[in-house]
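*Asks:* What follows is each chain in one-letter form.
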Amino acid sequence: MVLQAAVEDEAEGRASMTLRFQDYRTLFLGISLGFVLLAASPALSIVISFPSGEERFSELWLLGPNHMAEDYPFNVQVGEQYNVYLGLGNHMGGSMYYAVYVKFRNQTQPLPNAIMSLPSSLPSLYEFRAFVPDGGAWEKLVTFSVLEASLYENLSFVNRLVINDRGVRVSSSAIWDSENKGFYYQLFFELWLYDVTSQSFRFHNRLVGIWLNMTS
Amino acid sequence: MLSVFASGNQETAASSISEAEQSVAQSYEAVLDAERVGANVSDLLVRLNNAAGLLSEARLAFEVGNFEESVRLADFSGGVGSEVRNEAEWLKAKAISAGVNRLWLFLVGSVLAVAVVVSVSLLGYRYFKRWYYRRLLKMRPRVGQA
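Going down the list, the protein sequences come from chains A and B. Mapped onto the working numbering, the consecutive letters of the first sequence carry residue numbers 36 to 251. Mapped onto the working numbering, the consecutive letters of the second sequence carry residue numbers -13 to 132.
In case anyone wonders, no lab produced these hints; they're calculated from the structure. One thing to keep in mind: the hints can contain errors.
[Stated by the list, open to error] With the Cβ distance kept under 10 Å, some of the chain B side facing chain A (calculated, not the full set):
#1 L41
#2 I82
#3 V100
[Stated by the list, open to error] Heads up, incomplete: computed chain B residues facing chain A, CB under 10 Å, no partners named:
#4 V10
#5 N87
#6 R88
#7 L91
#8 V94
#9 S96
#10 V102
#11 K115
These numbers come from a predicted model, not from an experiment. From the three backbone atoms N, C-alpha and C, an ideal C-beta is built for every residue, glycine too.
Isolated chain B, as found in the complex (with noise of 0.2 Å):
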């Protein structure tokens, strides 16, 4: 009877401690997202490693029997890895929609600042064609000797 007890504790810590590893690993995933597109994600970072901390105590304390602290630790740090993943993917969704606004601007930017440098350089050309010629018109030729 205590041995089916221990087998049935065993069994439910097992399986915590696969669902913490599946929360952390995801959330590790979805901060990776999120680093990609530029979010600032230091203090996801800080929070994950608190709750990868918490699965190596869990996974240690498996290992020593301690089924109960093994359940109680593995489910804290699925906890703290899935709120770390919801915010994950919002500050990716925050990050994209600021990218966006940045690309708007840059692409605008751009586009302004060729346009002026294109009208600029036309603009100089046909003044220094102009002038150029003009100072071609007042110089004489030089007889040189073959």
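Only chain A is shown next, with the shape it has when bound in the complex (with noise of 0.2 Å):
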């Protein structure tokens, strides 16, 4: 049935009517749809998840002693204690279980390789192990000092630390730096994931570290 638009209703000289009736029934069936859509929603999003399109990913940092980015430990001598907090956050989409590894390096021993995403083959002297929620974050303090060390011409041993309390033998050394004038070593930290396929730590390509100078 075709009936006429801009047909003017000229007993009551209203406005005309600028639609067929087809287009009228396409509107409503149009948004009747739009009406059983939402009153299905409910059951429907049991069916239909979308993926969240955010990007899954886990922070490590170090914080200085006054709990911020600065006044970090870099002149060290032995005896002496410092402390740095080490901080967590997880945005990987669901609670993780993760190990840090704290290892310790002169300026040519290996750190790891962030393209092979390998960890640096030194041994672990301490680790941390935490469980995080997603979207949350752990933190604890890092509390460390040199507990022997010696210097023979221009070259520095460092045998022993002291992390959170533990003795550590660490047996490395540094030779004099004439560029930056000192004895290099680095703190550092390796975050490693735990993988429920393998049932095992990971390593999680994240490091965080603090370089050292032994002065005496």
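Take the two lone chains, each set in its own frame, and fit them into one complex as the hints suggest.
*Replies:* Have a look at this one:
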């Protein structure tokens, strides 16, 4: 049925009816379908899930003794105690089981390989383990000191460290860096993540560290 | 004799640590399962953190040769892990049951809501159709110029 548009209601002088009945029917069906979808949305939400689109990642940070990103220990002496705060943030979309391994190196010893996602081959001196809920954070005070160190001409040796009241043997040496004027070591923290499939920790390719200059 | 005794202690400590590691890892998996079905696991994570801390202490004690302390800490950690696992399984069952109830509520609610919307739409459509033709019949065609 074709009911022509622009038919004027002469009797009452009203505005023209510009839509045909089919157009009204389509509009009506569309609105009704919208309401049906709205009414069915609770049930639909069970079967249809949309990806969140959020990037999944973990944070690893180190703060200075005043809980700020400043005043990090740098010039260290034997027997002196130093504090830093180690923190973790989980944005992986679920609770995570993390391990942080503390390692100590000189300028020539290996760091983790970020491209190959391989951890440093150096032994772990201390470890932290943490379960962090999604969107949550974990933080721990790390206290460390050099217990035994010696100097011989242009060589420095660090034999023992104390990390959170635990004495650990390191046996690391550094040559005098004439350019930067110091004996440099790095205390660094590697982040590992528990993999449920392999039932073991795997390196999560995150690293933080501080450079230390052995002064005496 | 002393060395054999120390070696026995070392083996016991290593075995305790290994069992505690397994217990904590299994608890974590149970907590993940519970979390996936919508259970609130924040309290369990706090307790798992305690278990993990004890486990780290046990490993460190082992490395410095304090095997007795290592066994004590590892056993304690494994115990906490077992408790958490049991509770996670219970929470999971509870969350599944609540989820099934919610599913039924959503399904029945949605079916009823859809039925109401369809009925109202059909009635509205019939009313509109009648109103439209009634108005149309009252109109007169306008004579236009070609």
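*Asks:* Which of the numbered hints above does this structure break?
*Replies:* Result: hints 2 and 5 break, sorted rising.
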